[in-house]
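Chemist: Kindly produce the complete structure, drawing on both the sequences and the hints.
The chain contents come next:
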Amino acid sequence: MELHELSISQLGSLIKNKEVSIPKLTRYMLDRIEKLDSAYGCYITVAEEKAMEQAADVQARLDGGNLDSPLAGIPMAVKDNICTKGILTTCASRMLYNFIPPYDAHVVGKLYENGAILLGKVNMDEFAMGSSTESSYFKKTFNPLDTERVPGGSSGGAAAAVASGEAIYCLGSYTGGSIRQPAAFCGCVGIKPTYGLVSRFGLVAYASSFDQVGPLTRTVSDCAMVLGAIAGHDPMDATSTRKRIPDYTKALVQDVRGLRIGIPGEFVDDSVDEDIRNAVFKAIQVFSEQGAECKEISIPVMEYVVPTYYIIALAEASSNLARYDGVKYGYRTSEYKDLIDMCKRTRSEGFGTEVKRRILLGTYVLSSGYFDAYYKKALKARTIISREFGRAFEECDIIMGPVAPTTAYKIGEKINDPLKMYMEDIFTVPANITGLPALAIPAGIDRNNMPIGLQLIGKRFDESTIFRAGYTFEQTIGSNWTSSRMNNQVNNQVKNK
Amino acid sequence: MILGKEGLDGRTNDFKGKIMVTGGKTKDTGGDVKNPGGDLKDLGGNTGDYEAVIGLEVHAELSTKTKIFCSCTTEFGGLPNTHCCPVCTGMPGVLPVLNSRVVEYAIRAGLAANCSVSLFTKQDRKNYFYPDIPKGYQISQYDLPVCKNGYIEIDPGNGERENETGKKKIRIQRIHIEEDAGKLLHSEDGTCSFIDYNRAGVPLIEIVTEPDISSAGEARVFLEKLRSMLLYVGVSDCKMEEGSLRCDVNISVKPRGRTELGERVEIKNLNSFRAVYRAIEVEIARQESIIRAGGTISRETRRWDDTRGESIQMRSKEDVHDYRYFPEPDIPPLTIKEDFVERIKASLPELPWERKDRYIQEYGLPEYDAEIITSSRELADFFEEAAVKAAGKGVNIKMVSNWVIRELMRLLNDRNASVEDAKFPAGHLVKLLKIVDEGTINIPTAKKVFEEIFDTGKDPEHIVKEKGLEVLNDEEFLRGIVEKVIGDNPSSVSDYKKGKEKALGFLMGQVMKETRGKADPQVARRLLLEELK
Ligand SMILES: [Zn+2]
Chain U
1 MELHELSISQ
11 LGSLIKNKEV
21 SIPKLTRYML
31 DRIEKLDSAY
41 GCYITVAEEK
51 AMEQAADVQA
61 RLDGGNLDSP
71 LAGIPMAVKD
81 NICTKGILTT
91 CASRMLYNFI
101 PPYDAHVVGK
111 LYENGAILLG
121 KVNMDEFAMG
131 SSTESSYFKK
141 TFNPLDTERV
151 PGGSSGGAAA
161 AVASGEAIYC
171 LGSYTGGSIR
181 QPAAFCGCVG
191 IKPTYGLVSR
201 FGLVAYASSF
211 DQVGPLTRTV
221 SDCAMVLGAI
231 AGHDPMDATS
241 TRKRIPDYTK
251 ALVQDVRGLR
261 IGIPGEFVDD
271 SVDEDIRNAV
281 FKAIQVFSEQ
291 GAECKEISIP
301 VMEYVVPTYY
311 IIALAEASSN
321 LARYDGVKYG
331 YRTSEYKDLI
341 DMCKRTRSEG
351 FGTEVKRRIL
361 LGTYVLSSGY
371 FDAYYKKALK
381 ARTIISREFG
391 RAFEECDIIM
401 GPVAPTTAYK
411 IGEKINDPLK
421 MYMEDIFTVP
431 ANITGLPALA
441 IPAGIDRNNM
451 PIGLQLIGKR
461 FDESTIFRAG
471 YTFEQTIGSN
481 WTSSRMNNQV
491 NNQVKNK
Chain X
1 MILGKEGLDG
11 RTNDFKGKIM
21 VTGGKTKDTG
31 GDVKNPGGDL
41 KDLGGNTGDY
51 EAVIGLEVHA
61 ELSTKTKIFC
71 SCTTEFGGLP
81 NTHCCPVCTG
91 MPGVLPVLNS
101 RVVEYAIRAG
111 LAANCSVSLF
121 TKQDRKNYFY
131 PDIPKGYQIS
141 QYDLPVCKNG
151 YIEIDPGNGE
161 RENETGKKKI
171 RIQRIHIEED
181 AGKLLHSEDG
191 TCSFIDYNRA
201 GVPLIEIVTE
211 PDISSAGEAR
221 VFLEKLRSML
231 LYVGVSDCKM
241 EEGSLRCDVN
251 ISVKPRGRTE
261 LGERVEIKNL
271 NSFRAVYRAI
281 EVEIARQESI
291 IRAGGTISRE
301 TRRWDDTRGE
311 SIQMRSKEDV
321 HDYRYFPEPD
331 IPPLTIKEDF
341 VERIKASLPE
351 LPWERKDRYI
361 QEYGLPEYDA
371 EIITSSRELA
381 DFFEEAAVKA
391 AGKGVNIKMV
401 SNWVIRELMR
411 LLNDRNASVE
421 DAKFPAGHLV
431 KLLKIVDEGT
441 INIPTAKKVF
451 EEIFDTGKDP
461 EHIVKEKGLE
471 VLNDEEFLRG
481 IVEKVIGDNP
491 SSVSDYKKGK
501 EKALGFLMGQ
511 VMKETRGKAD
521 PQVARRLLLE
531 ELK
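In the order they appear, the protein sequences are chains U and X.
The opening position of the first sequence corresponds to residue 1 in the working numbering, with each subsequent residue numbered one higher.
The opening position of the second sequence corresponds to residue 1 in the working numbering, with each subsequent residue numbered one higher.
Worth flagging that the hints you see were computed from the coordinates, not collected in a lab.
One or more of the hints may lead you astray.
Claimed, not checked - The calculated lysine-lysine pairs, modelled on DSS-like cross-linking and capped at a C-alpha distance of 27 Å, are:
1. X:Lys126 x U:Lys380
2. X:Lys65 x U:Lys328
3. X:Lys239 x X:Lys148
4. U:Lys376 x X:Lys65
5. U:Lys356 x U:Lys377
6. X:Lys317 x U:Lys337
Modeler: Right, here's the structure in full:
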């Protein structure tokens with residue numbers, strides 16, 4: 001196997017045994033980006049010089065015995081809405097086309113402490129608003145498994161970079177389905193941690209009460225390792241938990257005996273693609289054979305989930321994006337009459353269509369006269385939805401379903417139909433509204449050879465249980481079972497380009 | 001309170017002087033000095049066909065060391081944009097973390113103003129665009145303010161007395177916490193704007209009254225009371241000239257006796273108590289004349305122009321802001337424990353009005369004196385320290401209060417200083433008064449000595465000794481001087497003998513001159529009369 005196909009722990013032992021040096025590995029990854037990225041469009045910024053400096057530095061720390069982390073020397077990339085000190089952080093928007101943060105996001109700082117090597121910043125939907133990475137101001141990202149298809153979104157660049165081997169893992173951000181859905185579309189593993197588990201400091205806010213940072217990886221154990229490194233309390237984020245973070249790698253055991261897995265009927269109804277439904281049924285079979293207890297449950301509020309999510313998320317977004325006014329940083333229009341005119345023009349020119357649509361919707365639902373009918377009602381609905389999930393968790397330990405109702409679709413297929421695009425989020429949004437953790441893992445392919453994602457939703461702060469189930473599933477159907485096939489598929493795509 | 005007839009006898013100026021003291025080192029806040037007649041006009045006001053209904057929104061910057069959501073300093077001044085960080089300048093991805101001191105201070109103020117404390121409270125976002133708010137929203141409190149339903153009692157003077165004690169309750173609707181904005185500056189030619197975020201994120205409390213105020217005078221009395229209260233509990237330095245105390249006014253005028261309120265007009269940009277006072281007077285007159293002319297008042301926001309003495313429309317009813325308040329998702333709601341509130345309650349100092357009552361009872365001070373002395377915590381502390389020492393030395397406490405009000409406050413104004421800066425202990429004043437009491441020096445000399453104590457902090461006994469200021473009451477010696485003066489001024493002596501009483505004064509002056517002012521005037525006068533017989 002080539003270096004980019006290896007898992008974090010495999011690379012870790014190569015580094016430890018001095019079979020490969022960190023600078024060499026980093027150089028290898030940078031070369032690979034150089035070779036492939038014109039085909040996939042994963043990266044907005046490649047931080048080549050910094051990466052090489054870091055590589056030398058981490059190698060020295062490791063050699064000096066000052067570093068003991070499974071992530072030491074492993075090259076990774078970060079979604080472009082996560083602040084990196086001294087490195088362009090654009091949110092894939094014209095509005096921040098020139099923004100270089102003077103601070104690192106908490107998660108980035110944590111990864112640096114662990115000796116991670118930052119290769120660069122990966123593409124996304126503008127301000128994370130989208131499910132296909134088509135709304136980036138800079139470029140489109142193509143699904144490495146079929147470049148006519150989208151990689152999902154908004155963390156599409158991250159998923160594509162992991163799938164194509166342009167990064168060993170990535171940090172993505174989750175607001176709607178933005179980690180799990182691209183993970184599913186690109187055949188990767190992704191987790192949306194419990195709200196509050198990972199600090200949001202330095203994650204450019206979209207919808208503050210939903211936003212979370214999470215890893216995108218190729219295996220469940222890589223995912224557990226990265227999450228373990230970035231989770232935990234941050235005094236700079238008042239919503240971050242003070243709970244002690246368990247060692248997630250201890251959860252990586254092949255044992256689901258007695259685990260109660262609930263499958264909501266609403267998650268496998270006719271709206272879901274047949275191949276995906278079958279993949280879920282196959283997963284039920286796998287888990288049952290491994291000794292889990294699978295049963296059908298019902299979550300009748302599912303039809304309110306998407307509207308509830310969008311009302312609250314867009315309300316928060318309309319406020320969060322108000323700071324981009326051309327005064328302090330980022331894009332500023334070139335001609336204007338006065339301050340207010342400058343602000344108006346800057347925002348009109350700096351934001352893309354989808355962002356403007358969401359700001360308008362969010363402003364509308366908060367406006368006096370509409371607040372009660374929309375925002376307030378949505379908050380109530382959020383409470384009810386949380387309660388229903390809470391009730392469901394009385395009879396099971398995990399709720400299982402598909403990540404998305406379809407697999408990766410063709411570029412341009414849904415971009416002009418926002419409602420269809422929003423419905424992409426139907427199965428990922430519940431975990432979001434409720435703040436519950438949810439893991440996406442590959443669960444086979446559809447008739448077009450595109451990967452299908454399986455979703456495991458856990459109880460609050462019970463990431464360990466979904467890791468255990470995910471790991472068991474992954475091991476049962478064959479570790480990295482999509483990987484070699486994926487690699488061939490990826491390589492074929494490059495040849496075709 | 002001094003707003004009665006006393007206001008005319010010149011003591012008004014002393015009272016204003018007090019405000020300067022409490023306000024720190026400035027002359028701005030005492031603004032009303034030039035307009036003492038206004039007090040009376042106002043207090044007599046509200047007897048016509050119309051009455052005013054006034055509510056205040058007071059913003060006080062809290063004197064916490066650090067800002068409300070980050071660890072930047074709240075210190076005033078500093079080069080533009082040096083007291084800020086990514087959090088208070090609203091950089092992408094940053095988050096606010098609530099400074100718990102801010103909550104504590106707000107509760108302190110609330111308890112002092114008889115408010116109830118909300119045990120469950122939260123922050124909300126107030127959304128509007130203006131470049132001085134870096135995030136495009138201000139973090140404030142909407143429906144769950146940290147304190148509500150309080151009151152402050154004022155004495156409206158000759159105005160409406162609502163109960164036999166002459167007090168009037170001004171109800172406090174709410175006190176909430178929020179962040180201050182930055183400061184926008186414009187170049188003179190209007191081509192360029194600048195922004196300074198040093199103030200952005202400085203914690204504020206907004207104190208909102210019910211519309212219980214009915215005149216400009218009452219508004220000012222309330223503000224003075226509120227300020228001295230905030231200073232006492234130590235939550236704000238209340239420096240209007242630095243913008244740490246600001247006030248917006250809501251006014252509606254209605255025909256006397258009518259119960260339903262008229263449309264209210266909000267007046268902003270009031271930078272001194274004097275501006276508040278004048279703006280209310282002018283606005284009442286404006287609304288009255290509109291109503292008299294058959295017009296109606298429409299809801300609007302006006303901006304006060306202090307130099308022109310008039311207000312200009314800022315916003316009409318049509319473009320009233322929709323702030324789209326919603327709960328701040330970055331800051332979890334706050335549950336305040338009852339024992340936390342109890343602890344704050346226990347730590348509250350004696351409040352100005354409580355202290356005033358005690359001084360009247362304990363020291364027998366006139367109400368007027370007690371009011372002035374207790375208007376500033378530092379001044380009252382100084383007085384009290386002196387009073388305790390005076391009692392021990394048998395010095396009259398009324399004399400102490402006179403010296404504090406007259407001499408100390410005069411010097412503070414002269415030197416543009418505040419009591420905290422005083423170089424000398426209160427005991428020095430008592431020592432000085434004791435020396436006066438014993439007749440060692442006379443009053444004019446004592447005033448000079450006090451000035452030196454004030455400037456140098458030296459012990460009065462040393463000053464007197466060093467400069468040989470002791471009163472001359474050695475009769476033998478003085479008789480010699482008197483004889484010399486009589487011998488030197490025969491014409492004055494004969495004038496006196498012809499019955500010109502004035503001549504005695506001249507001769508007395510000559511005696512004082514010969515003794516460089518140290519002669520005991522009583523002894524000198526007696527000897528002079530004896531020799532002239
Ligand atoms: Zn700051």
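Chemist: It remains to establish, for every hint, whether it holds in the given structure.
Modeler: Structure-based check of each hint:
{"no.": "1", "hint": "X:Lys126 x U:Lys380", "verdict": "21 Å, holds"}
{"no.": "2", "hint": "X:Lys65 x U:Lys328", "verdict": "26 Å, holds"}
{"no.": "3", "hint": "X:Lys239 x X:Lys148", "verdict": "24 Å, holds"}
{"no.": "4", "hint": "U:Lys376 x X:Lys65", "verdict": "37 Å, violated"}
{"no.": "5", "hint": "U:Lys356 x U:Lys377", "verdict": "23 Å, holds"}
{"no.": "6", "hint": "X:Lys317 x U:Lys337", "verdict": "26 Å, holds"}
Of the numbered hints listed earlier, the single one contradicted by the structure is hint 4.
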